[in-house]
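Work out the full structure: start from the sequences and follow the hints.
Protein chains in written order, with our numbering: chain A, 805 to 1102; chain B, 4 to 343; chain C, 100 to 549.
Everything labelled a hint here was simulated from the structure, so no lab data went into it. The C-beta atom is built at its ideal place from N, Cα and C for all residues, glycine as well. Just so you know, nobody snuck in bad clues.
Each computed SDA-like pair below joins lysine to any residue, with the alpha-carbon atoms no more than 20 Å apart:
{"no.": "1", "chain 1": "C", "residue 1": "Lys-382", "chain 2": "C", "residue 2": "Asp-367"}
{"no.": "2", "chain 1": "A", "residue 1": "Lys-1089", "chain 2": "B", "residue 2": "Leu-131"}
{"no.": "3", "chain 1": "B", "residue 1": "Lys-43", "chain 2": "A", "residue 2": "Asp-1001"}
{"no.": "4", "chain 1": "B", "residue 1": "Lys-189", "chain 2": "C", "residue 2": "Val-532"}
{"no.": "5", "chain 1": "B", "residue 1": "Lys-43", "chain 2": "A", "residue 2": "Ser-1006"}
{"no.": "6", "chain 1": "C", "residue 1": "Lys-544", "chain 2": "B", "residue 2": "Phe-73"}
{"no.": "7", "chain 1": "B", "residue 1": "Lys-137", "chain 2": "B", "residue 2": "Asp-250"}
{"no.": "8", "chain 1": "B", "residue 1": "Lys-190", "chain 2": "C", "residue 2": "Asp-528"}
{"no.": "9", "chain 1": "B", "residue 1": "Lys-134", "chain 2": "A", "residue 2": "Pro-820"}
A short list of chain B residues far from chain A (calculated; beta carbon distances all over 12 Å):
{"no.": "10", "residue": "Gly-89"}
{"no.": "11", "residue": "Thr-95"}
{"no.": "12", "residue": "Ile-99"}
{"no.": "13", "residue": "Ser-102"}
{"no.": "14", "residue": "Ile-182"}
{"no.": "15", "residue": "His-195"}
{"no.": "16", "residue": "Ser-201"}
{"no.": "17", "residue": "Gly-204"}
Some, not all, of what chain B presents toward chain A, calculated at C-beta under 7 Å:
{"no.": "18", "residue": "Val-45"}
{"no.": "19", "residue": "Leu-46"}
{"no.": "20", "residue": "Leu-60"}
{"no.": "21", "residue": "Phe-67"}
{"no.": "22", "residue": "Val-145"}
{"no.": "23", "residue": "Val-151"}
{"no.": "24", "residue": "Leu-152"}
{"no.": "25", "residue": "Ser-153"}
{"no.": "26", "residue": "Phe-159"}
{"no.": "27", "residue": "Thr-170"}
{"no.": "28", "residue": "Ser-234"}
{"no.": "29", "residue": "Val-300"}
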Amino acid sequence: MSEVTGAPTVGIRRGPRMLLHAVLVVIALAWLVPLVTALYNSFRFFEADTQPNGPLSWPKTLTLDNYRRAWNVGEIWRHFGNTMFIVLPALLLILLLSSMVAFACTRFSWRFNVFFLVLFTAGNLMPQQVIFQPLFKIFKWIPWPDVLSDTNTGNLLGTKIAVILIHVAFQTGFCTFVLSNYMKTIPKELGEAALIDGASVSRQYFQIILPLCRPAFAALATLEFTWLYNDYFWGAVLLQQGGERPITSSIAVLNGQYSQNYNLIAAASMMIALPTLAVYIALQKQFISGLTLGANKG
Amino acid sequence: MSIPVVPEDVLPEAVLADDALTAPRRGRRQRFSQLSRRDKGVLGVMVGIPALVHILLVWLPAIFTGILSFAKWDNVRPIDTIKFVGFQNYWTIFTIFDSQLFPALFNNFVLIVWLFICSAIGVLLAYLLDKGIKGTRLYQSVYYFPVVLSLAVVGFMWKSVMFSRDTGLLNKLWPGGPIDFVGDQKKIITFHIPFLDSPLGLSRNFAALLIAMAWRHIGYIMVLYLAGLKSVDPSLREAAAIDGCTDWQSFRRVVFPALRPINVVVAVITVIEALRAYDIVAALGVQRGTEVMGTLVTTALTGEGGGRVGIGSAYGMVLFLLCIGFIIWYVINNFREQDT
Amino acid sequence: MSSKSERSPSPSEVGFHVFSRRSLFAAAGAVGVGLVAAGYGDKASTTPGTTPGTAAAAAGSGNPVSVGSNYSDEKPKAAFAAAIAATGVPATINTVDHNSFQENFNTYIQQPDDVMTWFAGYRMRAFAAKGVVGDISDVWAKFTDFSDGFKKASTANDGKQYFVPFYFYPWAVHYRKSLFTEKGYAIPTTWDEFKALCDKMKADGITPLAAANDGNWPQMGMFDMINMRTNGYDFHVSLMAGKESWTDDKVKNVFKHWAEITPYYQPDANGRTWQDAATALGKKECGMYLLGTFVTDNFDPSKDSGAQAIIDDIDFFAFPAIDPAHGQDAVEAPIDGFMMAAKPKDEAGAKALLGGLGGAPAIDAYIGLNPSVVAANSKAKTDGYSALQKKSAELVGSAKQISQFLDRDTDPAFASEVVGKALADFLADNSQVDSILSTVEDQKKTYTFE
Chain A
805 MSEVTGAPTV GIRRGPRMLL HAVLVVIALA WLVPLVTALY NSFRFFEADT
855 QPNGPLSWPK TLTLDNYRRA WNVGEIWRHF GNTMFIVLPA LLLILLLSSM
905 VAFACTRFSW RFNVFFLVLF TAGNLMPQQV IFQPLFKIFK WIPWPDVLSD
955 TNTGNLLGTK IAVILIHVAF QTGFCTFVLS NYMKTIPKEL GEAALIDGAS
1005 VSRQYFQIIL PLCRPAFAAL ATLEFTWLYN DYFWGAVLLQ QGGERPITSS
1055 IAVLNGQYSQ NYNLIAAASM MIALPTLAVY IALQKQFISG LTLGANKG
Chain B
4 MSIPVVPEDV LPEAVLADDA LTAPRRGRRQ RFSQLSRRDK GVLGVMVGIP
54 ALVHILLVWL PAIFTGILSF AKWDNVRPID TIKFVGFQNY WTIFTIFDSQ
104 LFPALFNNFV LIVWLFICSA IGVLLAYLLD KGIKGTRLYQ SVYYFPVVLS
154 LAVVGFMWKS VMFSRDTGLL NKLWPGGPID FVGDQKKIIT FHIPFLDSPL
204 GLSRNFAALL IAMAWRHIGY IMVLYLAGLK SVDPSLREAA AIDGCTDWQS
254 FRRVVFPALR PINVVVAVIT VIEALRAYDI VAALGVQRGT EVMGTLVTTA
304 LTGEGGGRVG IGSAYGMVLF LLCIGFIIWY VINNFREQDT
Chain C
100 MSSKSERSPS PSEVGFHVFS RRSLFAAAGA VGVGLVAAGY GDKASTTPGT
150 TPGTAAAAAG SGNPVSVGSN YSDEKPKAAF AAAIAATGVP ATINTVDHNS
200 FQENFNTYIQ QPDDVMTWFA GYRMRAFAAK GVVGDISDVW AKFTDFSDGF
250 KKASTANDGK QYFVPFYFYP WAVHYRKSLF TEKGYAIPTT WDEFKALCDK
300 MKADGITPLA AANDGNWPQM GMFDMINMRT NGYDFHVSLM AGKESWTDDK
350 VKNVFKHWAE ITPYYQPDAN GRTWQDAATA LGKKECGMYL LGTFVTDNFD
400 PSKDSGAQAI IDDIDFFAFP AIDPAHGQDA VEAPIDGFMM AAKPKDEAGA
450 KALLGGLGGA PAIDAYIGLN PSVVAANSKA KTDGYSALQK KSAELVGSAK
500 QISQFLDRDT DPAFASEVVG KALADFLADN SQVDSILSTV EDQKKTYTFE
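Structural data, given as structure tokens:
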């Protein structure tokens, strides 16, 4: 933790620092209450214990049964595979495409760059449900060889490719917007100097801008991974084979027709949250440790 | 961890401080016309491919939705059964479903205000956690955790663990006896709007929902802002500290202005989240009193009912038109930045 | 729209001779596993229960038939797989979680599996009218174990059959026998007795009526019951079909009666899940609870020894009569079953499978693993039925008409977007009935009710 070189701690004296910690701890505890309760109940039987006695009561028994059942009934491993098949390519494409647009639109002055920035930003303002019906027809209309998908319908509808595509299309808008704003904080002289030095556009992009945007990439990758991973809507409306659906459908399957066993859902959620948490922890140091221009200057 | 190769000499000191200290921005964008033909081609591809994907899969369907908002269609029958009805769908939602539309709009408006408050808290947390204090990563992880959880469990946590009238924690702590935080649509405050039959207001269950929203939103903004804070030159803050600025002053006068582009990001995201809100509302089960535009659009467009494509699209377009005002603000902001 | 076909079947039509317990047991003995429906499917000459191998030859193309299933819960999923196996027709099951299957059915049906699970009532007829599900009248021609009532429930507005019924479960007022014995309560059969019982319970410190409305559907059952008891089944069906005015005095009367019992409700019904209300019934904090027989699912005997005792202690009675003219004639009993795609890849196979699913062995296999429902097929085994299942069959058998459920008997969008919200508004403030109902009436006019 000591190598964390955030902003200098100048200006915080001991007294206020203790106060700050106190505030942060209180917020953290408040944040954890629902979470810990859910975790606690994931080790209890629902109908036999939590439901009659309430989620905050003393447990009758503690059990791993919910985890075992969630894993088997929710077919978590299989759906996790489906999710990775969708999320990883989508994430790479999103970051690549959006950084290209953001780079081209913020580092260069040309007639339509504001237009494109607005186009990509405004596309995000609509709820995704608004575009769903026509999109459904569009996918159904685009032919797609069955060899390249898990369906036998001859079109894009029902394939994971369709889900990847809509994620890329939609989230590229958001990331373009965010990245272009991050790129604005990078001094323009960097590019100008590079151009005078004869660096091509692609060299500027790969060797100057991309490395400088690493904190922003890390933050976006974390958020995007979380969103794509937790997406339920597109998976449910575009994939018609239950077995092809992403991991969120595991939870949906556990969410019974009549009886909802919340402890089972909590157990599944805890397991399902692990990869997103791992990604967060892995990328966290990228956006909180000392990767700044200033740090470079020493 | 490799530090990006940035030649020392291309980093003029003053640039980093330009916005902050109101020095005129010296750097300019590279002119497109100065580029070689090859570079122009590269740029064209860089913008062209993403734009094509985005336009084809987001804007094209959106335009169709706009067209469908003037039509009646059940989405199942062939396309030639689409019947255009002019503004009838809009008339329907504004006059017949007014008891659903206006409360939803009101709730969205409340959300904008509320999420701005939450965003401010998130920004503040990011700033505090960026100071290299002990345990900062742990704090960050805890605050971020709500974002990684799937909505099903978020719904369960709040509905059943926190809000439930019979077993919820909040009700055990609440002094005034049990309150149905999930289903109670009683209004806490009401506003009488002249042309509406019933007053608009903040219902109890929506107020409770706001807490769950804050829980998720704050960590999200915090992460985004933490990344942004990295582009602020620490020497700026050092300089401010030497000049005798208090911590608050250095944030307000140096850091915050230096991060104007990031502030725009946060503002836009806040508005997007407020207008598009659907997930948590649905996870807690859409109740009377908690409807937002997102839930109206969704039930009409994707629900089993189906025959409501026109109505659902009209709801969607109302939402979209609201966004337009915001987009205009954003564009103006963008231009102003460019001109300097 | 023919008025004949849009009503739920009456039990005499459905073929329930009114069971006495004795006759039920007798029937159970008579119906053996081998006793099966006639052969079905275009080329199928095998009887159900034969091995998959022989049946495979019977099915059209030899490829397995694809079945879209919303039986996603653990037990029903296994039970359904057993039912499919019992038909002997090779099939692949595409299981989708129950909620999203239903929510996305509109889009799903545009690129569906050959056969899919669905519901009887308006919900089936609407899709039949849109031409996206297939006519299976020829399959029905070979059915012998369903009576005319089930046939009617499977018939769309064009007079053809589009649905194979599988099972049903009734709605009724549940109570704990031991509580009634202990306190000396009698089963109420009239509205006045019902209210008097509520008063008595209240005096005994028990909340008379457990009440939930989370999701805005549980109270639809209460509306259905009071409406059918006050105005009769025919009016209810006609109201659901959009043909009656919601501002009619008859409808206002329903809410007047309803308002007489809301003071006996558990407070704040709107935010309560049906499980929380069921728990209150199980704990004897509440005396009675109107819900489907799935109420017992809230108690899990495998993990809690006390739960079996509660399940065994739960009984139900038919909703009390309000207007003697209608008595306790109508019962609400939603039917679940199957439909076929309009253009299945393997039509012969799909029809063979549907024929098999309509046979007794399939539902026997299903109920063997998931014994919480009642078979639609009249030749199904009943010896394994629990007391509650037997009583369910009896209740439906003694009813003169069967309704599905509010959101199955009318345009589901109208049910969820308008009626569900109106009922929640009513529960929140029952002094506003007139304005609530005039809103419903205005909004109703924007739905097509085809």
